[in-house]
Every structure is written in structure tokens, then in C-alpha cells.
Amino acid sequence: MKLVKKQCTDASPLHAAVLGATIDRRTFLKRSGITAGGIAAAGTLSMSMMKKAAATDRPPTDEGTPAQIRSICTHCSVGCGIYAEVENGVWTGQEPAFDHPFNRGAHCSKGAAVREHGHGERRLKYPTKLVNGKWIRVSWEEALNEIGDQMLAIREQSGPDSVYWLGSAKHNNEQAYLFSKFAAMWGTNNMDHQARICHSTTVAGVANTWGYGAMTNSYNDIHNSQAILIIGGNPAEAHPVSLQHIFRATERNHAPLIVIDPRFTRTAAHADQFIRLRPGTDVPVVWGMLWHIFENGWEDKQFIKQRVYGMDEVRAEVAKWTPDEVERVSGVPEETIKRAAQTMAEHRPGTFIWCMGGTQHTIGNNNTRAYCIFQLALGNMGVAGGGTNIFRGHDNVQGATDFGVLSHTLPGYYGLSEGAWKHWAKVWDVDYDWLAGRFDKEERPGEFFGEEGPSDKSVNSMTEKGIPVSRWIDGVLEDKNNIAQRDNLRAMVFWGHAPNSQTRGAEMKEAMEKLDLMVIIDPYPTASAVMQDRSDGVYLLPAATQFETYGSVTASNRSLQWRDKVIDPLFESLPDHTIMYKFANKLGFGDEFCKNIQVTNEEPLIEDITREFNKGMWTIGYTGQSPERLKEHQQNWHTFDYTSLQAKGGPANGDYYGMPWPCWGTAEMRHPGSPNLYDTSKSVAEGGLNFRARFGVERDGVNLLAEDSWSKGAEIKDGYPEFTDEILKKLGWWDDLTADEKQLAEGKNWKTDRSGGIQRVAIKHGCAPFGNAKARAVVWTFPDQVPIHREPLYTSRRDLVEKYPTYEDRKDFYRLPTRYQSIQAKDYTGDYPLIMTSGRLVEYEGGGDETRSNPWLAELQQQMFAEINIVDANNNNIKDGEQIWLESPEGSRIKIMAKITQEGVAPGVVWMPFHFAGHFEGRDLRDKYPKGSDPYVLGEACNTAFTYGYDSVTQMQETKCSLCRISRA
Amino acid sequence: MLWSLLLLFALTLLLPLIPYAVAYVNPETGGVPNPGSDLWRTVREANVGTTQVQGVDSGVLISEYGERWRQYRMQQLAPWGAMVLGAMVGIFVVYYLVRGKIRIEAGRSGKRVRRYTTTEMTVHWILASTFVLLALTGLILLYGRWLLIPLLGASGFSVTATVCKLLHNYVGLLFAAIVPIAFFLYLKDSLFNLKVDGRWFMRAGGYFGGEEPSSEKVNAGQKMWYWVAMLGGFVLIASGLFLDFTNLFQQGRDWLMGAHVVHTIASIGVIAFFIVHLYLATIGVEGALESMVGGHVDANWARQHHDLWYRELQAGQDRPEPEEGLAAGGTTHAGGVASPVAKD
Amino acid sequence: MARMKFLCDAERCIECNACVTACKNENEVPWGVNRRRVVTINDGSPGERSMSVACMHCSDAPCAAVCPVDCFYFTDDGVVLHDKDICIGCGYCFYACPFGAPQFPKNEAFGSRGKMDKCTFCAGGPLPDNSPEEYAEYGSNRLAQGKLPLCAEMCATRALLAGDGDTVSDIFRERVTWRGASGFAWGWGVAYNRPGIRRGYAVEDKATGVD
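Protein chains in written order, with this note's numbering: chain A, 1 to 969; chain B, 1 to 344; chain C, 1 to 211.
Heads up, a few of these hints could be off.
Said to hold, decoys possible - To spell it out: a stretch of chain C is covered by chain A in this simulated footprint if at least three of its residues, at any positions, have a beta carbon under 8 Å from a beta carbon of chain A; those stretches are:
1) 25 to 31
2) 38 to 46
3) 52 to 66
4) 93 to 103
5) 149 to 155
As the list claims (entries may be wrong) - Beyond 10 Å from chain A on every Cβ pair, some chain B residues (computed):
6) L6
7) L14
8) V53
9) Q54
10) D57
11) F92
12) Y95
13) F245
14) A281
Rather than coming from a laboratory, the hints here were simulated on the basis of the structure.
Just so you know, even glycine gets a beta-carbon here, dropped at the ideal spot from N, CA and C.
Start from the sequences and build out the full structure, keeping to the hints where you can.
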């Protein structure tokens, strides 16, 4: 029913002029002759009140309706659908995508404001270079030539490892894949992206527990949950649309929501039980809950027997965490822990959600494994409504992680072994020897420190994990003899990655100033452009946003979504893949780079890139999501079910939306995708799975394969190892392969068979290509085999350090010496009595330059602040809204506003958002931005104050628990 | 039968009262924590909230003062104000019809006496014109919606109202400057003399019969007008500036509404008195207007209305100045002081 | 005829501010003018609730009653709109509105505020529907296109509902039914002290977590 608006005029009797005809204002003015007078100049008589920005004038109405372009939000991993309305190439409107299965048209403040990307007033508009402290505009050719020449010189003098390629979670999948290839062809593993400092401990911990390190179910699957536990996460601000799904469970299933966090967050406001814990005590709390579960026999014994290895060793560790000990260490009393444990035990299946609060610690990998073990104990894995639902961060951090924009692996988590390199060399259609020749093979036997001391091993930078982003500054500042590569880092490329999300800001400034060259490739200048005091050697290259290009993106639930291009790149910006190709050409490997990818006007064809990775990503099943299928899903959002995500009829009938990986085999096989991982109630062909056989078949005489548990329809009704050609032959299934498939599958396994035949045949017989094994609660390759608690490096509880010490210092960890014990040894609590922790705000994202440049968002958070409990405020004579100095034990200080809270944070804890930048230790750096590119809102970066501390497996930074002190400014 | 019916009737009335009695005796039984009602109670009573949006009062979810102000202004303030002002005008229409102009009893003597200095006149007229402008624009803003929109149409009245608002807000500043000057300028003459002014009040200034009582330079009524105008003026200035410059203190809505009510009441009050002054100073009393226009008054006028002042003036001189063109004739104001000047 | 209403479900609002930015987006609202805002009660404490508020399009609109120039009008759908050409920027509507909906672009000396601007229920203003002039002055006119206000269409959790009052209350009633009275029925929380019963408030347990 079309809604009609009545016109207001003087036609109503009330307004009817007594003197006959009504007069309108203009006529009145004309006749009365006062327009000429100064009164009209008073301004209030002017027609228009709304500010008319020239760039946003709506054009006169076209004859036709504006084009409706389907895209996906560029901010977080929920992956909300967007309809962009474009007229004459201008993005004029944004409509809700009611038919999109993830968000049904909903957004958060960032998603509702994405149209501002089409305004782009604070964007980096053209290539810029810093000369004598001033920003000079240059052309792309000039910039690329100069940068390329410098890089080639560095390569000549110090080796390719001296150039660091820091990539982005905001690349789309094709760009991320290309980026991995780019770094490989340049000849270095010194590349990384935001996942390192976000969920790297999750991926490592979870993958080493049961095979894959991603969200096991989906946001929509939470509709089926009977209980929801969130630890170290605030989805109400970080993934607001996920609350739509969480509320469905809490309202319709009456699922209790438990939130465990040091801070009473907006998520906690909607919880049934809020548990406040001391920052860094996740393991005690989770083991504390497990203690009650074991004590009362609430665990799922059958599930453990069939599908879990090593639970007895966990029991031994958990037995140490009696309620008293838990309370002593974490501050959480017995009845609280017991109630939470009982809730989860009595309301199954329950889902377990975590974010940075759990991951960003020196023991991050222990935390994430503890969460997994908890769910294994309750048998909540592999069921709808259960799982470990890890909420990833940026829109394509999942994709970038999957495509190996990481210093320790190639795309698809193949690792860096020779076999992995050979596989990818084949996919890239390049000669393996040529590829290996690109790397530095400096031999320094004996000179170099291995884990156990000086070693004879020569450094092979091709198979050696590269320096992670959390440690790049040490790559610059550390004595080069202590780094396991030829020379220090001399050039940094910040490609879609802000610096203020990493710790130790003061040292970072120093490192930036020591570099030969800094290149920033981003739609916005970022804090990298201003936080250092260089006068030369900084280049800013404008990149296009994801709305100015197209391609696929992977949401947290492993679904791939296809974006269409909304508008052409603004100003002189270029999409990432074009910039990569230009660099590749300049640096001498352009031909190999896009050997089988069509390039037009220096832009590689996205669909060809998709097809190329479809040919190589067998490990995690990125092989079935062809461009055609992805586009089909995109055009048929409305056919996918809201809860199950399965298409009911329509062209994609039977598929799960986005074909969540693993989507096995080739696209021809039309595997529907795997919506819930490890779900044995479905056959593998229908998206079911079991735990991966990744860790061998037996250990210490104990069977590591599954016992009496198999996915529906499996012809092997028991555990089995991962599939190789040998196993197929043994099972007599070899001849199910076609002749072509046999050719490629000979001598290969399910990961390296580029025909996809092994996978196809295994699935044909109902089996999972990666085997059927138990999840392991004991990871014998990790520093702590069973997850244990260790105090943070900067801890407020010196009394616990003896019993729960941190690790020993390490000489070579991701090429760098890494300190633990030597930092924890010193007692800082006298001078720095408050615990410092950090988190997110809904209006901003990541380093924040992009969102702080959006006036609609920036208006809502205009000041950087620290949340301080009223007791601490009174103790330090600080009032609400006052400016304070916050100082860290490493000597940094930041000047921010105090926000006093009664019980938001507990006494003794200070919380800060990490999105601000543009101030540095009290200095306002606004003038240092290139003109017109400074964000509306600037502030101190909390990470200027955050301190040293890195996870023992992934080098994740410890930004959730450190120490500080505050004082009035 | 009858008794059972009565009993039934009694029980029907009494039984439902038991829960109330229980609740009365033990009030705690009713305590149900209902998050919904608790929330709304907090909203309505405490009126505090936080928001990311910056602005005056943006943290207030619901404010009750607005509706109270609206009801008060529309149901009481505006109607009563109109009635008061209408009544004042009506009174003087009737008075004029009944009493007519108050004449100079002795007729014009032709002799002129200096009453006001140039300064006093200038200040008066600045004060008067700003006040009239403010009063008119203010009344148009208050009542124009009902009186002028039918005449001018909505768009037309919008222009008028805009002009009125601008004039009111800018001229108000001028008024704020002139009132303190006027206050000090006329202060000495306006101090009450209890004996003289008391007597004047007792006789209602002679306006309702009886002879006109003695007055100083300004009579008690005029003094009263002075105090009303000045004190009222200060109130108007304070509340007016508070409303005019919201950018200074970022004052909240409830303060502004309070200032608005004060401003309106004060303005109605002062305008009401102004009507009296206007009547008497112009058409009500012969020979009054010229005191402020030229600064001189006729000697007979002075003797009639401000005898004490006139006597003082005379005392300051040896003899009255003979003036040419004395008006012939005229009668002595019955019961009044005879003019020392013999009539010709 | 439909009677348009807003309803914000405080149990679902998570203060994500999508409604605020959606409005800014759709109507190109300048900095400093806030047609819609989210207000939080008891921030940081158990019982924290948020609510999104803009013009409520009251049947007996106080703003319309006090306007000296009578620039407000009501559409057939019950939407309260005003004519900026007639508005004189006096601020009375801002005083009278219980929700603080009227906004002014300036706050200068001599009471100079500029023309009042407020939520239009995405129904534009008195100028011709969907014309560039209407857009420049009043923002989008979605109602004339058969759509609903963008703030409600984009609410992350569907806390903010907008549309025909009967439909809106039906949706809300259904929600209340789903939620059940268990949490609020007298005594249930105490009698059946079990985690499964939703209490509505987050219960702050005794843990402080810090020594």
C-alpha cells in the first residue's frame, strides 16, 4: 500500500487568508519591498537550511531507477549484505538488503554509514611523497619507480628479507592470494597481516586441537543454541548484527547468556550472568568450570571416548584448579563458577564464543585450547547450536588468513616446507628452482643461534618462518646478529594496515625513523604518516576501498561472498591487485606473477585469480567456490534459509550460502559447503564432517583416530587416516578415479592432488578426505602441552608469579630473540599499580583512520578516553572529563580524557579503546597529515603505552593485561 | 432469607477488599522486581542517561517539563495574558467615556514651567520606543498565531514573525542598556514619600472623585509605574538575555522554559501598567504630553497636578516669571489650591 | 489509513548507533544536528538499557501546539512535519518536546538558531515528493516511495520498529510472548533459582576479579 503524504499549504481553514488570496512568502517579500533591506540579510529568511555539499547534490531525477548494486560491508566479519544505489556513477543511496541471509538488512553504525566511502572527503587522493618534511604530490610512475629502485638496491645490499610486506585483512580473497604470491615471488616470508595480532592464537590453538582453526558453526546457527557463553568478547560493539542471532536464541530458546569479561560491557548488559574476572585469568576460570563439570560427572563421556584424545591429562591439570585456587587467582567465587558450569551443562547444545579478550595474551594459545577442551568435554562440538563460534575481526581477516598473508605459511595453511612450496609452484605454474632462487640462502652455520644454542643449520629463509607484524620493530631495532636473517629490516610497506594497533608505540616511532624507506598503501594516510619525525623517505600511495573493486570475501563463518563494484576508484586511487601488478613489473617478476591471469590495463582479472586459487587450496576446500557459483549465490540471497543457511529451491538449491569452506573438490562436484564443522549427523557430501586426522594415527600407544564414530554414510565405520593415493589403492577405490585424475593424483595426497580426484572419490564413499580422528586435548608440539595458567609479563599479582611463572626467554622465535622471564622478573606494581586493558568501540574499527574520517561516525566518539573506576579516580584526585596522563612501565605516556564509571570496570583496572591515533605523548599531530587527509577526530593511541609481551606459539601481542599508573594532567 | 441475602451482599462488598488490607498491613508483598517498570521509573524520575550524541540535554530521554510548560503557556499564560491586557484597555475605554479628559481646571495660564531636561526626555523616549517595539513584537510572537495568520496567511505571517523575532532579540539589547540609565536618572524623583504618597493612594489620586491630592514632582502613581517598569524591566532583561544568548552557558531547556515563563509574566505585567501610563500621559490628562515632548508644562497644570513641586520651584525664584499670552478665564479647580497668579 | 509510529524495544537495543548513522546517511544531516540519538540508562551497571529516540510523531504534538507561526502539519499517516520556509527558529518546539527532537544548526548570539530540523519519519516535507529541493531541505522521502524510515530498516537487532502502529504493536506483542513472562512473573526467579529462567537484569555476581 503506497503511503500518501498530505500536502501542507495555506489551504486549511486555519490558514485561509481573510483578505482573499493567500500570499506566499516570496510574493509577500516582493510586494512589501523589504527584501532589499538588511533584514533579509539576517539570514534566517534564506530558503535552505541544510548544508549543501557540492559533491553530494542529488542529480535531477533520472527517468529510470538507480542501479542497485550488491556488495558486502567492508568493516567486520559478519559480512552484512548491502544494496548500493548508484546514479551516473555517483553513490547516492544505500538500501537495506532484507533478503541477505546474514543480516536481513540490518547494520551497525559503521555499516549504516558505508556510503560515505563514496564521498571520501578525507581520502588520500593521489600519490604523495615526503620531501624535507613536506608532502609533495607525485605521479604513480614516479612513485613506483623510486620505490622500486630503492627496494632493488636494498635487495642487492641486504637481501630480500630486508623489505617487509605488511598486508591487510581488508584485501578481498583474490588480492590476499595475490599478495601471498607477491611476497613469495619477491623472495621473503617477512609478510603478515592483522590476524597476527587478532586471532592468531585462536587459529593455532584451535587448528592444533581438531584440524581447522576457524569458527566452527555460524552466526545464524546460534539460533539453535540452548546456552551461549561469551568470554573476552563484546559483540554488542564489535559484531552488533550477531546480536540479532544471539537474541533469537535467548528469546525463543530461553538460552541463558553468560558473559565473562573484566568489564561490564554492552553485551553484559543483556546477559543472564555476568562474571567479572581479573584480566589474564581465562585458564583458571575455564578450568574452574571444568572442575565442577568433572566433579559432577556432567561431561559427555561417550563423546570423549570416541572423539577426544588426552582428556585424562586435562583432568589431572583441572584437578589442581579447586574453587579456592580459582578464586585466589581470578577473583571469581565458587558459586559463580559452578552456576556457569551448571548452566552450560544443563543447556546443551551450548555455544562458546570468544574474541580478543581471550586471544591477546602471552598464553593466548593456552586460552583458546582451554575453550576448545571445554566444549569437547561437554560434547558440544559438531552439533547445530554448539561449536566454538569464534567471531573474527575485519571483513576479510578470515580470507587473508586462509590465503596465507602470514609469515609462517603459504596459502591454505600448507606451511613452509619444501613440499608446500613445490605444490604452490605448480599451482602458480612457475619453476620451483626459480622460486627458491628468489629467496636468500645465506649460509651462516655456527654463527646463528637455534633454540638450543648455536647451531650448524644454515639459514634458509624460504622455509624459516618470517618476522610477524607484532615484532617488525624489533626486526629494525634489534642487533642484526641476533636476527635469523642476513640483515635488519630496512624498508616497511604498510599495505592496508595501521601501526597503532601494535604495541610499543615509542619504540615503533624509533624504528620508523631508522628505516630507509616507508611505503604506505591505503585509502587513508594512517598514523604511519604522522607518528614519526622523518623528513624524507615516506611514500603514500592511495589504494581503493572494497567498494571500488570487486571480488570474493570470506566471512567469519567461512562463507564466501561475492562483491560487485559499486563505484570507480575515487581520485587517483587504484585497487590493490593493480598496485601489486605494477610493483611486480617494476621489481622484475610481473610475467610470473600473472602468468595465467589475464591482465587488462595493468589490472589482473579477478575471476582468473579466483579460478587459480580454486586450483590450489585443497587443504581447506576453497576449490569448489568458483566465480560462477559465487555470483549465483550473490544473485539469490533470498533463497537461503535464515537459520540453516541452506538454499531451499532456486538456482543454488541445496547449497549452503557462500559454500562455507571446506567446499570439497572441484566446482563441478557442486559440494554444498560445510555449514557446521565436524558435524557427523550429515554425510560429507551434504556438508558433514568429523575431526581431522592431522596429528598422526597413534601416540604413546594410544589410538589417535576416532573410535566408533564416523560421519553419516561413511563406508569406513571407524577412524581412518587422511587420504593418500596409497590408501585409495589399498581400499580398492583407486579405479573410481578418471584417467586424467589418476595422472595428477599419482604419488599425491588429498592436499596436493590438483585434480581433486582423491577428494571426490573419498567423499563418494562417504569419507572425509582429511581422515577421521580424535580431537586432541594435548598438543605435544606446543610449549605447554596441556593448557596451563601463567601470569602475564606485567602482572599485578606478584604473589602468584612463583607458582605460575611465564616462559623462559627465547633466542630465536620467528627469527627474533623474545623475552619473557626477564621482564616478569621485575616488580612494577609499586609504581604502576593499575591493570591496563583495551577493547573496541562500535563506531570505530581497527586503527581507526578510516572510520574517524567518516563524519557520521566521528561525531559520535570525539575524544580518546580511559574508563576508570571511581575509587581509582578519587585516589588520584581525578574528576570525570579531566585530562590525565597514563604511563606505562616501559616509559611511554599518553594524555587522554578520564571517563569515570561506578562499576563498568572494577577498581584497579583501566580500560581504553584502541582506535585512536594522531596524538603522540601529548602532541597533536594534525598538522603533519597531508592537507585534507586528516581524520575529523584524533586522539592518543592506547598502544603507544602498551607493553612488550608475545604469545609463546604465534607472537600475538599481550594487549589485554599490562600495568599503568594515572595522574592528573 | 433476608438475612442470608444481606450477608451475601456484605460479603460481596467486603471480600475483594481483603487483598488491599493485606497489602496495606504488609506492603512488602507487592514488591516484584519488574525490570520494565524500574527502567521507566528511572527515566521519568531521575531523568539521567548518557549518549554518544553531543548536544544540550541530549542525555535526557524524556523530559516532563516541556509538556508542563506547553500546558501552562497555552492553557493559562496566553489566555490570561490576553484577558488582563484586554481588561486594561477596556477599563480605560470605559473611563474615558465616563470621565473624559482631565482638563486643566484653571485653564492654560500661558506661563510655562520647565519640567524635564533634555537628557531626561531623550532617555525617556529611547526607553519608550524600545519598550513599545519590544512589547509589540513580543505580543505579536505570542498572539500572532491566532490574530494575524488569518489576516496574512502562514507564509506572510512567517515574514512578520521573523522580523519581529529579530527586532525583539536585537532591540532587547538596547533596552537592556537604557533601563539602568533610566533607573538612576529618575531614581531620586521616584523615591516614595510616605506621607504624601500614602495620602495620594488613599484618595486614589482623585481619579474616582474627590479633589486631586498633593503630589511631588511625580505623583505616587507615577512612582509606582517607575518601580514596576524598572524592576519589571530588570526581570525582563535578565530573563531576556538568558533566552537571547543560549550559546553562553549552554543552558538547558528547563532553565529556558523557566526564564520564558518569568519573561512572559513580567512582560504582561509591565505592559498592563504601561497601558495606564500611556493613557494618562497622552489622552487621559490634558497638558501632560508636552512635558516630555518639549520639556515644559503650563504653570496651571503644574499647580493642579504637582503642587508641591511647583511650590518648590516658586520658592527657588523671587517671583514667578510673568509670561505673555496668559489664557483668560478658567475656573478654579473646585476645592483645589487657588493659583497664586491672579487671573486676568 | 495507517498511523505511523516508532517503537524502540529496550530489551534489544545494544546502542550500536546504526539508527543514528543511517539517518545521517539517508538525509545528509550535517554535523551538530542530531535527528536521532540513543540514550543509555545506568551505563556500565546491571540494568543498563538503551533506547533510540527521535521525533515520536505524537498525536497531540506539543511542538505543533506551541509554535508561534504554526508551521507544523500532520499528514494522513500521522506523521508530524513542518515547513522550514515558515519556521522562524525561535526554539519553542525544542522546549516543549519531551523527546528533544527539534534540532537547530546554529547556536549563536541573539537567539539565532537557524531553521528547526527534525526527524521526518523519512517523509520529507511540504515540497514536491522526491524532488532535489525537498531532499536538500528535508532529506529523504522514503514514505512516498513506499518504504519505511531507514533507521528502523537498518537496526542491527530490530529493536527499533517503525511503521503502521497496528503492525508494530503486533510484532512487539509477539516478541513479548516469545520472551515469556517467566522472568517477570512474581517469585519465579527466586522459587526456581535456575539459570535458565531469564531475569531481565544481568545479575552482578560477587566477583570483582581484582584483589
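Cross-check of the supplied hints:
1. For the stretch 25 to 31 of chain C, the stated coverage by chain A holds: 6 residues have a C-beta nearer than 8 Å to a C-beta of that chain, and at least 3 were required.
2. Chain A is given as covering the stretch 38 to 46 of chain C, and this holds because 4 residues of the stretch bring a CB closer than 8 Å to a CB of that chain, at least three being needed.
3. Residue count for the stretch 52 to 66 of chain C with a Cβ under 8 Å from a Cβ of chain A: 0. That is fewer than the three needed, and the coverage hint is violated.
4. With 0 residues having a Cβ less than 8 Å from any Cβ of chain A, the stretch 93 to 103 of chain C misses the three-residue criterion, and the hint is violated.
5. Chain A is given as covering the stretch 149 to 155 of chain C, and this holds because 4 residues of the stretch bring a CB closer than 8 Å to a CB of that chain, at least three being needed.
6. At roughly 52 Å, the least C-beta separation between L6(B) and chain A is larger than 10 Å, which holds for a residue marked as non-interface.
7. The beta carbon of L14(B) is kept farther than 10 Å from every beta carbon of chain A, the shortest such distance being approximately 42 Å.
8. Taking the minimum C-beta to C-beta distance to chain A, about 7 Å, the non-interface status of V53(B) is violated against the 10 Å cut.
9. With a cut of 10 Å on Cβ distances, Q54(B) falls inside the contact zone with chain A, its closest approach being about 7 Å.
10. Its beta-carbon lying about 17 Å from the closest one in chain A, D57(B) satisfies the requirement of being farther than 10 Å from that chain.
11. For F92(B), the non-interface assignment is confirmed: its Cβ lies about 28 Å from the closest Cβ of chain A, beyond the 10 Å cut-off.
12. Against chain A, the non-interface label of Y95(B) holds: every CB pair exceeds 10 Å, the least being about 32 Å.
13. Every C-beta of chain A lies more than 10 Å from that of F245(B), the closest at about 17 Å, which supports listing it as non-interface.
14. Its beta-carbon lying about 31 Å from the closest one in chain A, A281(B) satisfies the requirement of being farther than 10 Å from that chain.
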